[in-house]
Amino acid sequence: MAFTQKLLAFQISQASGGSMNISGLRASVVIEGAAGPTMISAEGAIWGLTLSQMNQLTTLGKQTYLIGQNSITIQAGDDASSLTTVFIGTIMTAFMDAASMPQVAFRFVALSGGYQSVMKSKPTSVKGTGDVAQIAQQLAQKMNLQFDGSGVSVKLSNPYFDGSYRTQMQTLAQHAGISWAIEKDILALWKPGSSRQSGGGNTVAPPPVGNMVGYPAFNSTNVIVTTLWDPSVSSIGQQFSVQSAITAANGAWTTVKYDLLLESIVPRGKWFAIVEGAPIGGTDVSGGQS
1 MAFTQKLLAF QISQASGGSM NISGLRASVV IEGAAGPTMI SAEGAIWGLT LSQMNQLTTL
61 GKQTYLIGQN SITIQAGDDA SSLTTVFIGT IMTAFMDAAS MPQVAFRFVA LSGGYQSVMK
121 SKPTSVKGTG DVAQIAQQLA QKMNLQFDGS GVSVKLSNPY FDGSYRTQMQ TLAQHAGISW
181 AIEKDILALW KPGSSRQSGG GNTVAPPPVG NMVGYPAFNS TNVIVTTLWD PSVSSIGQQF
241 SVQSAITAAN GAWTTVKYDL LLESIVPRGK WFAIVEGAPI GGTDVSGGQS
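The numbering of the sequence shown is this note's numbering, which starts it at 1 and goes up by one.
Dumping the calculated SDA-like pairs for lysine to any residue here, alpha-carbon to alpha-carbon at most 25 Å:
1. K6 - W47
2. K6 - D97
3. K191 - F147
4. K191 - S164
5. K6 - P102
6. K155 - S198
7. K142 - P37
8. K155 - A133
9. K191 - N158
10. K142 - H175
11. K142 - S125
12. K270 - D230
13. K142 - D185
14. K155 - Q134
15. K122 - G163
16. K120 - S19
17. K270 - D78
18. K270 - F95
19. K127 - S157
20. K191 - T203
21. K120 - Q137
What the hints contain is simulated information worked out from the structure, not anything from laboratory work.
The model shown is predicted, which means the values in this text are computed figures rather than measured ones.
Please take these sequences and the hints and turn them into a complete structure.
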């Protein structure tokens with residue numbers, strides 16, 4: 001296990017068309033992800049921004065019109081590797097927290113799929129037999145998202161969906177009995193008891209083989225493991241494997257929930273992923289289906 005300086009970088013795109021790149025500062029983020037209707041969220045704090053920058057990015061007070069109009073991309077990594085995107089979403093609230101002067105922080109809450117929940121939309125319908133993957137791909141295009149269908153091949157008869165495009169996707173998944181998520185600007189689908197066909201495959205194991213912290217735990221039929229953050233086990237719907245002395249945890253799992261606890265330029269800072277996996281070939285019991 002190598003000890004390196006951990007880094008968090010932020011790119012904030014503003015409704016005005018401008019953008020702000022922030023890196024090399026003390027920062028902390030908690031990212032909570034889950035399959036299904038729950039939106040992946042990021043709550044963070046950044047120290048060291050100028051007063052002008054914080055005033056520009058604030059969405060509260062007399063600038064509430066900015067809520068939902070600014071987006072944020074969060075990347076994580078260390079000195080020895082390139083940064084990896086861990087979150088893309090819509091900023092719902094952002095403000096300057098001066099309560100702990102002189103340690104003034106800029107705090108924000110963002111949601112993946114937040115903008116897609118409120119953007120202008122039109123109903124979606126198919127006369128006759130509708131292919132679920134094709135309908136979902138059309139919705140992804142309308143939401144300006146990439147698409148990962150992972151072999152979903154369900155058909156529906158005369159489907160009709162209204163509401164926001166994200167609501168339409170939620171209803172589509174419910175009718176089709178599939179798992180889904182909007183994550184890092186990708187609309188992903190996969191079959192329950194299976195996993196996404198792209199990415200994943202990493203093994204979570206204790207040192208010296210891996211970076212597992214403690215031992216696996218269980219939640220109903222799902223496994224829960226804590227590890228040093230690794231991008232290969234922190235994407236919803238992707239497969240990972242566990243290697244442990246607790247044999248019931250060993251084998252392949254699909255990520256259905258995770259909490260990322262990441263801090264940069266912080267002494268003894270957190271850099272962990274808490275990952276919940278559903279058994280491959282089993283039933284997702286953590287809300288993966290909408």
